[in-house]
Amino acid sequence: MVEYAWLAPLLPLVGYVFLLALGRRAPEGLVAGISVILTFLSFLVSLAVFTALGSHPDATGAYTFRWLTLGTHSIDVGFQVTHLNALMLLVVSAVSTLVFLFSVGYMHKDERFSVFYQYLNLFVFSMMALVISPNLFQLYIFWEMVGLCSYLLIGFWYFKPEAALAAKKSFIVTRLGDVGLFIGIILLFLSSGSFDYSTVFQAATSGHLGLPWISSAHLTTLAAILVFTGAVGKSAQFPLHIWLPDAMEGPTPVSALIHAATMVAAGVYLVARTYPLFEASGVALTVVAWIGGITALLGALIALTQRDIKRVIAYSTISQLGYMMMGLGVGAYAYGMFHLFTHAFFKALLFLAAGSVIHAVDTQDLFEMGGLGKKMRITQWTFLFGALALAGVFPWAGFWSKDSIINATLQSGHIVLFWFAEIAAFCTAFYIFRVYFLTFHGKPKDEAKYAHAHEGSWVMTVPLIILAIMAFIAGFFNTGLNNYGLEKYLMADSPTGLIGHVYPDNVALMIASVALALLGILVAALMYWKPVISAEKLAQSLGGIYRLSFRKFYLDEIYYRLIVWTGKLIASIVDFFDRYILDAIVWLLGRAGYMGGVGLKYTQTGQVQTYSVIALFGLMILVAIAMFHVGGVF
Amino acid sequence: MALNSPVFPIPTGSLLALGALLFCIGLFGALTRRNLIIVLVSIELMLNAANINLVTFSRLGVNPSLAGQVFSLFTITVAAAEIAVGLALLLAIFRLRKSSEVHDLNVHKW
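So the sequence lines, in the order shown, correspond to chains A and B. Per the working numbering, residue 1 is the first one in the first sequence, and the count goes up by one each step. Per the working numbering, residue 1 is the first one in the second sequence, and the count goes up by one each step.
Extracted from the complex, chain B is given alone in its bound form (with noise of 0.2 Å):
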């Protein structure tokens, strides 16, 4: 590969597309597994398509700048606590229950 040949820019397009597919991803896992670690997982996929976003939309603009790259950094670092938080509150209602199933959880329910 020749040094001087231009890097191949992805289309903002497809990076849009990989953004979306990965929020789609996360939605239906979170919607449906019945597992709590997955609902977990899925809402971190989520996460990370909203960071895909804004990597993607710093390139565009008037002036391009590393704002968004930044911005996703935080991000990555508020999902890290938030995970914390959240398994946190797992374990302890995994001792309460003895479960960590999404179904047995309906205190709620009529």
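Only chain A is shown next, with the shape it has when bound in the complex (with noise of 0.2 Å):
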């Protein structure tokens, strides 16, 4: 089965040339139809390629042919299949196929409806491509992939001035990780001569990376951080993680599928993927950790206080993310992969609920909803599911995953990181809360968009109800009940079935984090829910550090100031440069050769005999010349 991978990723580009061929014309039904079906397909096709996997490290292989030759180098492409990317390939189209069928009843009636479909399967495509490419240089180009079909769904309702800006945003800011990657690449292949992972990851941990110029040790750190700053961009961690945000103009079915489940999560899959040549440098596991802890505080101390749905929602992955590069940075290599299997369910699954809400009341902000549990049962219990294993509550999904990752990073030692760790625990109890009660308890804030709520079809709520229990049930495939299946099928890539480390539960460490999160859901059921302590005079007393989080830290204030005047400052003095110093040389060019064509215009005169006197003159000097120099006359 294992050889028949690469269907996988073709049936949604299937997909793609198909609605292509159909039209923007085409009917909603025949359009929403072949791409559930396709990608369901996809679907079963990675769930067999993952059973048929099974633990064996031997399963694993890389299928390729020769693509070109340069001098003593050369690139291959095909696909390669191991335990990491067979995951990948599950839970991207598990995810994929349930957003497909919510999309359903969200983009009905919406004039481009085929052509969202198109660039939903062209990113589906690219995603999974880039999961099971097996060397460097085809995930470039399917890296590049993603970040363009995410940019064209971003902007999918290009014409609201938002949404293009926001996805002018989003390509812009990633572009700058990509860089980051790109020169990353090009060092391993230069120093390796290789992009395959294979030999690239020996010359790393063998030491034998060296250039002219810089010494292994120092080349692996390097390449290995500026691999990390790819994904710093694509997985919108901090100082990148501004785009994230912004992106959520775009459908919320794209939210859920592009910036919570899949493409955020190639960052992380990249880190995970090239995971061997991090280990061979303390160095940038140590700074993918901080980077990680940072933005995972971040993330949850600035969703505290927004007021946009989708917003929290988008800080609260950013923050999830956050935890995932922790997890990897630390060495726990399962664990991070672990979480990330979690969260693709659980916030999918707040997405599309979120966008079942919106798509009811018609606005996102919270203070406009209120009371909708009345009217949306469907959706208000299994957004309390996906609440719940946000939360990290005892026993959803993401309580496993998220006290695996906080335990390591216990254990491994790094104290302030797990802090950082706890208090984001916290706040993210606190914040989903915080959405929860404000959006289906207390007494409708909006009235007409209250009496126009309704609960979505049943394409709707049944992508949510099985998100819902995945949510519930996708941590006992790490956990006692399954003997530690999962981490154990990850770690069977690495030949000596090590990669990274594992730690044993912690159950004072359990029963603390789960405390804590109860404790995050009753303050903010004690100020949304029943209105013991009032929000708003907590936020008055707190006034610096409340404007603080509502305004993001101002970040985006900060990078307008530094990098996007630094900018026009370059910009203005090349612009000076081209005006008054090259466009005056060229001037200068032009006017020379105009002035001379002005002087000797006067030499014409249109006479024939003037220009045989000329000619005669000139056949005169000739022969003169040639009596002197070649018949030696005189």
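Among these hints, one or two may not hold up.
Computed list of lysine-lysine pairs in DSS-like fashion (alpha-carbon distance at most 30 Å, straight line) [claimed, not checked]:
#	chain 1	residue 1	chain 2	residue 2
1	A	K169	A	K109
2	A	K168	A	K601
3	A	K601	B	K109
4	B	K98	A	K601
Note that these hints are calculated values from the structure, not bench results.
Make the complex out of the two chains shown on their own, each in a separate frame, by following the hints.
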């Protein structure tokens, strides 16, 4: 079965081409039907590959053919199946199928319904192809394609200026990271002579990566950090996280698909895929851990005060991605990927449930909702499941994976990061239940919108229910109940059976974490459900801190001042040089030619005889020269 | 004059000088005259100067032959054809511009 893994990305591509051929005016049912069926088939293929691999290290394989030969080097294309890849394929295809189904209801009657599904198909294809790439070169190609599709989908409602701006912002900000990734890949290729993962890793671990100007150890660190910048851009880590909240301008299913479950996971996947490189360099791992920890805390702090339901969830995504990076950074490879696995489900669930709410009340402002629970039972309950999973309440999925990471952080001795993670965990429970209570409980704040609210059709509720079930059970795949199956599965990628570390469960910590989460929920309930504590008074008494969080730590403004102004300054210098120096030279040359022409035109009399005289004298001069130099007559 | 007196050969230098003079007169005429007909006549003079040179040089060399004289006959034929074309062009120009003055033909002036 493993050798048929290429079918998984191919099916969405077939869907894309088919929809392209059908054109923009194709009926909605046909478009959606084809897309959902093809992605579902892709999911079945992924599932078959996932199970066929088992936990045998030998079952994995690469299938490539030579594409280019450049001197002594060559570039292969093809696909590779490892345990990590198989898990990613499964997550991407499962979430995609459900999102495709949900979009049938959400995008109903949109003018560009067919185009939307084209983009979705292309996106899923790129993501899956990225996952099974056998070398860094192919990975980079699909990496950029994922970025492109994300740009197209965020800017899907391009007639809204905010959406167009957000699309541009996401493209440019992730591009900053991509440049780093590109330089990293080139460095690795120059020093190891190959793009293949295995060759690069072997060179890195055995210390053969050096270039004339840099030692092997330093180059490994440098390349790993450069590769990590690519992941920082794509996975919205601090300091390049600013594009993700703005990307919420896209349709909500897109947010669920791209900005929760799959695309932003590409960055985490990249770090996991090149993990041996990071392991070979302690510094790079530390950088990953700290960036992850800072991001987890920062995202959670900003999410506390946002008013837009999707933005809160977006910041929670940033925060959770920070947890994953931190997990990878402290050496808990399997836990980082485990969290990616569970997060994909509960975050897609939260986004889709939010989408269902937005679809019903046509606003994203939390303070215009309220009391929706009575009208939207299924959405309320599924959202509650997602929220419990995100908050890390026992025994929902998020609890197992997040607690594993926090445990690993503590056990590996990163005390500061451990406190970051715990504070962020408390904030997480608070902000997500703030959203829950504001949306589904209390009194409706906007009667007109409340009257309009209703539950979506089955295409919208069925994905919610399936995801809610997954948000509940996904955690058990890596517990004692399953004999820690997932981490053993992932660890099978390494011949020695050890990538990173795993740690035994720490019951005391688990209890502490759950208590912290419950405390967060309690505070949220006291503030927004049964208003014992006034949120407004609290905000006033914490004025400065509240504003800091509400204005997202002024990072957008700081970037604007620092980077945009610097860019403008450089641009104006270059503009001056171009306008007054380069252009002046060009103008001067043109002027010289023109003046020469004006001067010489007076010699043109139009008289044949004048020309003949000049020709005669010219001939005489030539003859004289010939006599002097060639004939030697004189 | 005695019949057996030898033919006095004209020295080669004199013949070449004649050719050179004729050529220079033709060139001067072609470059300075205003009337197109005179210009054409001057060009004919230059051609004939070339003919004289051809005939002169045919006397010299290791094997003196008639080749030069035959060659000049060809040149005269070509010159006749050329003058026919030239006069035809001149007539056409005259009809168009009512003038055969060279100075009036300055369409290419700036």
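Here is what the structure says about each hint:
Under the criterion of a C-alpha separation no larger than 30 Å, the hint pairing A/K169 with A/K109 is consistent with the structure, at around 28 Å. With a CA separation close to 54 Å, the supplied pair A/K168 and A/K601 exceeds the 30 Å bound. About 9 Å separates the Cα atoms of A/K601 and B/K109, which keeps this hinted pair within 30 Å; it holds. A distance of roughly 28 Å separates the Cα atoms of B/K98 and A/K601; the hinted pair therefore holds under the 30 Å criterion.
Taken one by one, the earlier hints fail for this structure only at number 2.
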